[in-house]
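Using the sequences plus the hints, can you model the full thing?
Chains as they are written, first to last, in my numbering: chain G, 1 to 219; chain D, 220 to 472.
Quick caveat, the hints were computed from the structure, so don't treat them as lab data.
From the three backbone atoms N, C-alpha and C, an ideal C-beta is built for every residue, glycine too.
Check before you lean on any hint, since a few could be wrong.
[Unchecked claim] What follows is a set of in silico ranges between Cβ atoms, one per label pair, in the way DEER data are often shown:
id	chain 1	residue 1	chain 2	residue 2	range
1	D	269	G	99	57 to 63 angstroms
2	G	156	D	343	26 to 32 angstroms
3	G	35	D	287	54 to 60 angstroms
4	D	347	G	89	33 to 39 angstroms
5	D	246	G	13	44 to 50 angstroms
6	D	463	G	174	31 to 37 angstroms
7	D	294	G	146	47 to 53 angstroms
8	G	125	D	343	42 to 48 angstroms
9	G	89	D	290	56 to 62 angstroms
10	D	387	G	218	41 to 47 angstroms
11	G	146	D	387	26 to 32 angstroms
[Claimed, not checked] If you only want the chain G side, here are some residues facing chain D, beta carbon under 7 angstroms, derived:
id	residue
12	48
13	61
14	70
15	75
16	97
17	143
18	144
[To be verified] Stretch by stretch, here's where chain G covers chain D in the computed footprint (C-beta under 8 angstroms, at least three residues):
id	region
19	369-378
20	458-468
The lines below spell out each chain.
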Amino acid sequence: MLALEAVSVVRGEAVLLDAVTAQLTAGRCTAVVGPSGAGKSTLLRLLDRLEEPTSGTVLLRGRPLRELDVHDVRRRVGLVQQAPVLLGATVLEDLSTGTAVDAHEAASLLERAGLPGMALDRTTTGLSGGEAQRLCLARALAVRPEVLLLDEPTSALDAVATADVERVVAALVADGLTAVLVTHDLAQAARLADDVLVLERGRLVEAGPAARSGYLARA
Amino acid sequence: MPSWLGVGTSVLLVGLCLAVVVREQLGLARDVVVAAVRAAVQLVAVGAVLGVLFARAGAPGSVLWVGGMVLVAGRVAGGRAAGLPHAQRTATVAVAVGVVVTLGLLVVARVVDVEPRVVVPIGGMVVSAALRGTTVVLRRLREEAVSARPQVEARLALGLTASEAFAPHRRLALRTALVTDIDAVRTVGLISLPGAMTGLLLAGVPPLTAIRFQVVVMFMLLGAVSVAAVVAARLAEADLFDEHAALRRLEPV
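Right under this line is the structure:
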């Protein structure tokens, strides 16, 4: 689905990613783990073209991202950020940010995101952290992405809300969606991921099935 | 009009200010003296230059004078927006467009005469208004580009264009830039008499004539602020995003 070929990102003197080559398989959840400053979020931002590599190539279904229309890439590759970022005054307005969504579609999106029955005219300011993050998930799904990028999606949430979001992500992957999960929570990576990429100081030091990951096992 | 003796007498009022400052131990005595002397020297110098300009420069000279003011205003507004890419260029173009559009419209429509004693003071007012709008909008855009990065990137990630993703923040900056001048127009004459009208009344012009002039000035300033602010916002916004429609990281100020 997505691939990185010798991708490096250098900003000033700092090497954020150093010749990373990796494959992200369709229909699976790939966790990107590693210590703080390892380059996890940078890698994720490359996949959505919020950053450009200094060298190397990122490919989506075999085609270099730079050859594709950037807005099209971003519609095909959805992103859920670390802290919930709400963009509309009401639930329906928020869901409609990227594309027009009618009430029927909105209800279906909310159900997929684990928010069945949520009122569409409910104001977003009153949502809990967990509800807000799942609304962000539903909004990302509204543009029908092929891949969902999750950048530490539960780091701002409590244990109950974290479990809710994890259930939704697991269900989406089970339904065939490709997910890339950046997390510092190795137990979460073990629970959700099929594959794992381990980054250390910008270098890829381990890649493969999560079940056989030495890094996750050590944790 | 006050005589030079009258002007000299008004120095007593500076003395009054000085007395307050000294008696209350505000530590501002030196600032008061320096400010008063500077004001006198600056105004005498400007008066002398304007005297020559009005007598000899003609229309080309007054246009050059206004052009000089635009460059200075662009430099000031650009300096206030340090950290934004190409702030100096953006500010200068915005002020220039604001001035050319509003002043040009008034000149072409023959609302104001093309002679130095009209173009220079009116040009000054227009440049000040354009400077105000440009400065506010650029500062606000810079703040938004830093503080609202997650919101902008969330919209970009949904496939919105840079302009669509930044639109709420552009609108906020423009509202901030315009609201003061809109309020000034709404309350004109109720809270205070504006400067141009006051000057005309003091010069003995009948109130209804002074009002006609003030209406033109108020609407002209509103036009200058709006045009300069929207040009500044659009140009700055284009520089905030790179060629791949990603929000640039701004240098810390």
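Exercise. Go through the numbered hints given earlier and state which of them the structure violates, listing their numbers in rising order.
Key: Failing hints, ascending: 2, 9, 13, 18.
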